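Given next are the chains, with one letter for each unit.
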Amino acid sequence: MMDCKNLREVLDLYVDGELSPEATVQAEAHLAECQACRRAADRLQGLRHAVKTAVSQYQPAPQLASRVRKSTVSPWHRRPAWALAVATAALLIVAFAVSAAQLRGAVANTLEAAAFHLDDSRSVVMEGLLLCRDCQLKKEYGYHAMCPLKGHHGTLQAKDGKIWNILDGDASEDLIHNSALLGRTVRIHGRCFRRASSIEVDSYEVL
Amino acid sequence: MFLGQTLRAKHFERDALPHLPAVYRTARQLVGVESADDLVQETFLRAWKYFETFDPTTNCRAWLFRILRNVWIGRWRKSRMELPLVDTGGEQIEPYYDWEGEFLREELSADVERALAELPPDYRLAILLADVEDCTYEEIARIMECPIGTVMSRLNRGRRMLAKLIRAHGDAKPSSNQPREFVRRKP
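Line order of the protein sequences matches chains E and W.
Count the first sequence with this note's numbering and you get residues 1 to 207, in order.
Count the second sequence with this note's numbering and you get residues 1001 to 1187, in order.
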């Protein structure tokens, strides 16, 4: 049988549930008979609860949980070094491609602007493929062509790929409206209006 | 390699991250609200770094508390702000402590926190692990890297010291039941 001294020595173990089953039975038998020890056990238990209540009221901020997650299990953080290198290289390639396209566009615009100022309308002989302007725009840019309803509209694609509008005139009637000529290579004698990307036709020959 | 990393992250998320609230509340009592977030972050970073060394058949929470303690001690060594408790050995359990007075949980939270902050750090950690986190003595011994006997004496002495400090703070407060007659009124 446990006496007061024995019980007080194991009081912490008793409230912490660390006593063996046999010792717990003995401690409880003593507590059932001793009011002073029962009060001591209750008050130690009360202190335990008070500590738990005081400390448990605090929760981490959601930002902390997110920071911890980001610095540990977040995919970007845990990618191996080589994967990061590949991703960086891919990013650089995309950046270069984008900037190269922009660069190309800028150069083309600059050259075009220079040509505008340097080159006024003048007589030319221009060779190229006769194509339907609207079908070509549809093919290249997804333009909603009305050719099935309104018929094709002939235009000249020069050897450098640039498309020239053929201005309406007596000599150009067939070049613009005769679908049979589409796909043929033609040589046009006339005048070129660079700013308007247009040619006035004096005569032409189908090659 | 990606698969290994993904699996590791999955296990870390399942085993370690759910203990963030427990690690936080303990860290807050160890270093205060200003530094608690940093201590928690550093604890989890280290846990992530050494996650391969964690045995999944054991208690992850105890493993995290052990890392928390190591980070905390490492910080103390750097900052030299607070001396950890040095075990002198032969700490005796005080059997006849006079457990007088009630500990009313709701009313005492502020006093309990203040008293906890004044305890020697290793007493404080032992009490937090036992009373708040319900760790067993064996777990506490592993976390604090000391024998179970030392855990027992830290809890015994720590709780009695804590009770005295709470009472001291309670006694220092003006009683709300004091008569108001002493308040001087303007004529």
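The hints are simulated quantities; they were obtained by calculation from the structure and are not laboratory data.
None of the values given here were measured: they were computed from a predicted structure.
Even glycine gets a Cβ: it sits at the ideal position worked out from N, Cα and C.
Check before you lean on any hint, since a few could be wrong.
[Claimed, not checked] Computed list of chain W residues with no C-beta within reach of chain E, every gap over 12 angstroms:
{"id": "1", "residue": "T1026"}
{"id": "2", "residue": "A1130"}
{"id": "3", "residue": "T1136"}
[What the hints assert, rightly or not] DSSO-like mimics (lysine-lysine), calculated; alpha carbons at most 27 angstroms apart, straight line:
{"id": "4", "chain 1": "W", "residue 1": "K1010", "chain 2": "E", "residue 2": "K52"}
{"id": "5", "chain 1": "E", "residue 1": "K139", "chain 2": "E", "residue 2": "K159"}
{"id": "6", "chain 1": "E", "residue 1": "K52", "chain 2": "E", "residue 2": "K70"}
{"id": "7", "chain 1": "W", "residue 1": "K1010", "chain 2": "W", "residue 2": "K1049"}
{"id": "8", "chain 1": "W", "residue 1": "K1010", "chain 2": "E", "residue 2": "K5"}
{"id": "9", "chain 1": "E", "residue 1": "K150", "chain 2": "E", "residue 2": "K139"}
{"id": "10", "chain 1": "E", "residue 1": "K70", "chain 2": "W", "residue 2": "K1049"}
{"id": "11", "chain 1": "E", "residue 1": "K138", "chain 2": "E", "residue 2": "K150"}
{"id": "12", "chain 1": "E", "residue 1": "K150", "chain 2": "E", "residue 2": "K162"}
{"id": "13", "chain 1": "W", "residue 1": "K1010", "chain 2": "E", "residue 2": "K70"}
{"id": "14", "chain 1": "E", "residue 1": "K138", "chain 2": "E", "residue 2": "K159"}
{"id": "15", "chain 1": "E", "residue 1": "K162", "chain 2": "E", "residue 2": "K139"}
Quick one: which hint numbers does this structure break? Sort them smallest to largest.
1, 2, 3, 4, 6, 8
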